[in-house]
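All chains should be built: construct the whole structure from the sequences, respecting the hints.
Each residue of the sequence shown is one higher than the last, beginning at 480 in the working numbering.
Everything labelled a hint here was simulated from the structure, so no lab data went into it.
One or more of the hints may lead you astray.
What the hints assert, rightly or not - No more than 25 Å apart at the CA atoms, straight line, and that leaves these computed lysine to aspartate or glutamate pairs for DMTMM-like: (1) K631 / D728; (2) K929 / D953; (3) K987 / E974; (4) K978 / D903; (5) K816 / D806; (6) K861 / E946; (7) K708 / E809; (8) K861 / E630; (9) K631 / E553; (10) K922 / E981; (11) K929 / D977; (12) K978 / D959; (13) K769 / E955; (14) K987 / E941; (15) K929 / D952; (16) K987 / E889; (17) K861 / E835; (18) K922 / D977; (19) K755 / E768; (20) K978 / E946; (21) K708 / D734; (22) K708 / E807; (23) K755 / E835; (24) K708 / E748; (25) K769 / E782; (26) K732 / E630; (27) K708 / D720; (28) K732 / E807.
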Amino acid sequence: MTIDSKLSRRDFLKLMALTPSVLAARPLASLLDPKTDSATPHILFFVFDAWSAANVQFHGYPRRTMPNLERFAERCYVYHNHYTAGNFTVPGTASMLTGLYPWTHRAVQLTAGGVASAHQTHNLFAALEATHSTLGFSQNPYADIFLYQFEKYLDTYLSEAIFNLERRQFSSLPFFNNDAQFAFASFENNILRNGKGTSGSLFLSMISRLNKLLRYSRFRQLYRDVYPKSLPTAGGVFLLDQLVDGMMDTIRKFDSPTLAYFHVFPPHEPYAPNRKALSLFDDGWTPLEKPDHPLSQHRSADEMLASRLRYDQYLATWDAEFAHLLDELETSGLLEKSIVVITSDHGELFERGETEHNTFLLSSPVVHVPLLISLPGHAQRKDIHAFTSNVDLLPTLANLVGAPAPSWTEGHLLPALGGEEDLDRSIYSIDAKTASSFSTFEKYSISLIKQRHRLIFYQYPEHSGFEFYNMDDDPEELRDLFPSAPSLAGQMQQELLDKVDEFNAPYKKTH
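If you want it as structure tokens, here you go:
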């Protein structure tokens, strides 16, 4: 901002945040070491796409997939029962960034045009614009759509391909400069896959795939020694070390307190372990056998096992690269000037006849995700076993930096960071990817967690029914208690059905 320029609304809000009345009440200060300058820390918000808590040792996994994150966790608040509100990127990310459940923000489809217009002002960047400069970056175009929607609250926007080796696709053509995110979603789902695994245009689909193959083969030859099986190619061809270096270079340039949202593809498929990681986990271990779900794609046991192995190896590859960023944050002193959040938009499945997350299922591994939060001056691990939701992140971060509590959020303050465990709290996850954002949800999967029990309801023509699990006694969800109809199951069933009626009511047609 030049000296003779007009004072913008955002600059005015930041100046107001420096007034004595605001500086007098900094909730974060009570959680920090008194020697730490806690006035206004950076917020470094990292989202690892498709990262499941089920595959991390500090959540009980037998394989040590992420030893460097384990080391970092020793200085963090570690949330062991953190659930995302959706089972794929669109609803999961929208809920993180808005603090709203999917039936409220309405971003539920692969082809969604972002959150409902009524909620475009309800987002993390808007909530913190008075205290922080804001930056948004997402490699995943389905999350990048939200950054595009919230751009008026972003001081800096980084293109999804900025750290890639190369990326040219239909939506990147010049005539889509102002709408690249929506062009991607429309072309990808309506022309290439139609959102249902089929191509809307066979010809354009074949041309697109051939184009990608030709571009990929060139880089494949260059980096075969590092990535013998496959290069990281989700959203375009990129190298993990260049991605990490790009994020760190960006962080080094911060000259004022900054909220930086970094949404990266790893460990999202296609899994691309490097040469070193390919020798890991040749241990003969096999997971608990679980029956195929009626709504699954009925993948074979061998296919699920092989996919799990590649995923675990890719986790180890990403962990080794991301460790360089964590190490530099520490050695540069930036770690003591930052709140660091590491989590995911959704998990991944390798069980019940499913792989990855293109599924209707809400089994725990696809919605139970890690959450690590590091605070300046806090160097001792604290484990929190209360059940939490990713809608809690927005109000918690606002509270930590003394920003006004948003009245519109559906989240709670996280336990140990301003909130308390509430066993009677209701925590939801939902999948309604085949529903319209503008009408009632008729086909959906929804789960409710309460009193450390979990109820799942599937409502589809192919399969409709409830499952009920005791999450303390049966975290693997092997013993469905619903047939025995304990009283709590009945109470939760009624609450869940009432919730469905409640969020469908505004969209029911009246005659």
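Violated hints - listed by number, lowest first:
Failing hints, ascending: 6, 7, 8, 9, 17, 19, 21 and 22.
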